[in-house]
Amino acid sequence: MGFENAIQGFTYIVSPSNLILIVIGTAFGIICGALPGISSSMAIILMLPFTYTMKPVASIAVLVAVYIGGACGGSISAILLRTPGTPEAVATVFDGFPMAMRGEAGKALGLAVTASSLGGIFSAMAMVVAAPLLARLALKFQSAEYFTLALLGLSCITSLGSKNQVKAILSALFGLFISTIGLDPINGAQRFTFGQSFLMNGVGYIPVMIGTFAIAEVYKNISQIGRKEDRELLLYQKVSLEILRLRELVRLWTTIVKSSLIGTVIGIIPAAGGAIAALVSYGEAVRSSKTPEKFGKGIPEGIVAPECANNAAVGGSMVPTLVLGIPGSPTAAVIMAAFLIQGLRPGPLLLKDQPILLYSVFFSIIIASLLLFILGRYITREFAHILKLPYPMLGTLIVALGIVGAYALQNSYYDVLVALIFSVVGYVFDRFHYSSPALILGLILGGIAENALRQQLIIGDGSWLPFVTRPVSLMILILTVIALLNPLIMGRKKQTGK
Amino acid sequence: MAELFFNILLILLLVVLYVSSLGIGGRRVSSDHFGPQGFPQLLIMLSIPLLIWVSVRVLTQVRAERRPEERFDGELFKRPIFVCLFILVAYVASLNLAGYTLSTLLFIFVMGKGIRYSKNLRLALFSVVTTGILVLVFGRCFAVPLPRGIGWLRELSFFLY
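These protein sequences, in sequence, are chains E and R. Under this note's numbering, the residue at position 331 of the first sequence is numbered 331, and the numbers go up by one with no gaps. Under this note's numbering, the residue at position 98 of the second sequence is numbered 98, and the numbers go up by one with no gaps.
Simulated from the structure, these hints should not be mistaken for laboratory data. It is possible that some hints are incorrect.
Said to hold, decoys possible - Covered stretches of chain E, going by a simulated chain R footprint (3 or more residues, C-beta under 8 Å): (1) 182-191; (2) 394-406.
Claimed, not checked - Quick list of in silico lysine-lysine cross-link-like pairs, DSS-like style, CA-CA up to 30 Å: (3) K352/E <-> K55/E; (4) K220/E <-> K78/R; (5) K388/E <-> K220/E; (6) K113/R <-> K78/R; (7) K220/E <-> K294/E; (8) K220/E <-> K297/E; (9) K297/E <-> K388/E; (10) K297/E <-> K258/E; (11) K388/E <-> K78/R; (12) K220/E <-> K119/R; (13) K294/E <-> K258/E; (14) K352/E <-> K140/E; (15) K220/E <-> K113/R; (16) K294/E <-> K388/E; (17) K297/E <-> K78/R; (18) K78/R <-> K119/R; (19) K113/R <-> K290/E; (20) K113/R <-> K388/E; (21) K258/E <-> K140/E; (22) K290/E <-> K258/E.
Each residue gets a CB set at the ideal place from its N, CA and C atoms; glycine is no exception.
Bound conformation, chain E alone:
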């Protein structure tokens, strides 16, 4: 019965009209993802009106394709411009941009596209094989687990501050602190808003990222114009996407499998999302690496890990959406809205009544993931043309794109101001060897860490024991301790020459 449904789902998806829709959806997703300020969820919202008149499966297929394309597209601007196109691509910047700076932009993009594709395929398979089981497991995730998960994500700061660990920790603490600005989610108190209404919603991490990464990078390059180092800026002008060779794939297989698994599992957990999946996966790649000191300087594993994870999170987030009717991410929530528009109510009954739907989504993800290889190649090549501009033009374009990207997120002028302020902060951080990535990490994980910690303490009436008595929480906590201590132990071993 299951096999028959799979065959039916496949034949439906590979019909010419549906294939064309998936191609359009994937291309649209990649383009939107590459544009700073246009997130995957916004891309899906923009595509949504076109799906009203489509058949249910076709409409879901095209939206899933946009989702897959968007998750991959964010890496293009992250690698080429140091501006993550989507929140999911934040960790791709850490190694993608340094690799591009070395003149290996094509390789970096190839790694990102290949990893995205493999991550997507992995999560689609996991979705079909273990959807109901995984969804039930995800429901067991409570505040204690969310808190330890945030700690695990934060543990990769030890690898993000290779020059100065203390300053990396300080940067992460600043990020965590910035995340507390705004209304307190538990009792609604205003924190550090100083009477300004625009601060009540807090400080968004995308404008901060645009400021600290993209605009600050322009300042840095401007200060070098005319020097010998200026030539370095020209090294990565010719960009042609290089698809990974089999030999390299074999070398990276452990990172690919592990990151895909992490991405799928975190994608399933409601509200965790691709950005956290990418960060946790990056941290794990550092922890398990024999050369953790190379991370942040343009190492393939540093691109493969977050890109595998953020695309795997796409399939993962579809599991609770389809099986339980609980969206696993904000983007999955928009897709769920599309289900409702089509008159379908996601949940256990939907899968019982329309089993073909699950397989249709599964094959949509697989086809869209495979299409990333082809479409990614062309779109990246076109996008990379801007790198042929002289730096005064390119730098200006990056700033203009960053400003409009910051604005477009919430149509907020204040987000532009945030980007502007943090461009100075990012520049100063860079000059004094503080860590902008660690700042972003703290900002992203701050909300989830604080809320989960306080919620768990409220549930446990002030007791800290659930963090170590709940098996999953304890397991993640142990992983966190290992992740934190590993670089220190490795560093000491190297110092002593053992």
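Please arrange chain R on chain E, whose structure you already have, making use of the hints.
Below, chain R alone, put in the same frame as chain E:
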């Protein structure tokens, strides 16, 4: 020394924020032992000793001139960065007055000149094309309500996006 000044500034800022956190109110949830101010206060208390430690290290390094790779070299904001920052601030300030199209058009040209690009015609053409593409993509295709400016500039912007 610039780093030392920066660290001291950060410490002072954190002290001010700590004092500010003492006044955080809101309805008290009885079982919320941390409270709305607990987490930020914890972060500040962790940050200040670390900042002091970093500052002391900077000071000792400046004196002993050891480990030059960790010392800050050169002036912090060089002239081109100041120029760039000034143009950027002017651009952001003008968005709500002159609207997105005119501000961006001028910004791209002036910024290009600020980064010492000498080919005026090419730069002017680049400004027009880039502004056009940005307005088309964000204003038209993605329906982002870009700033429209005031007065007749606002009226004019409705023809574009």
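Exercise. State the violated hints by number, sorted upward, taking the hints as numbered earlier in the document.
Key: Of the numbered hints, just 19 does not hold.
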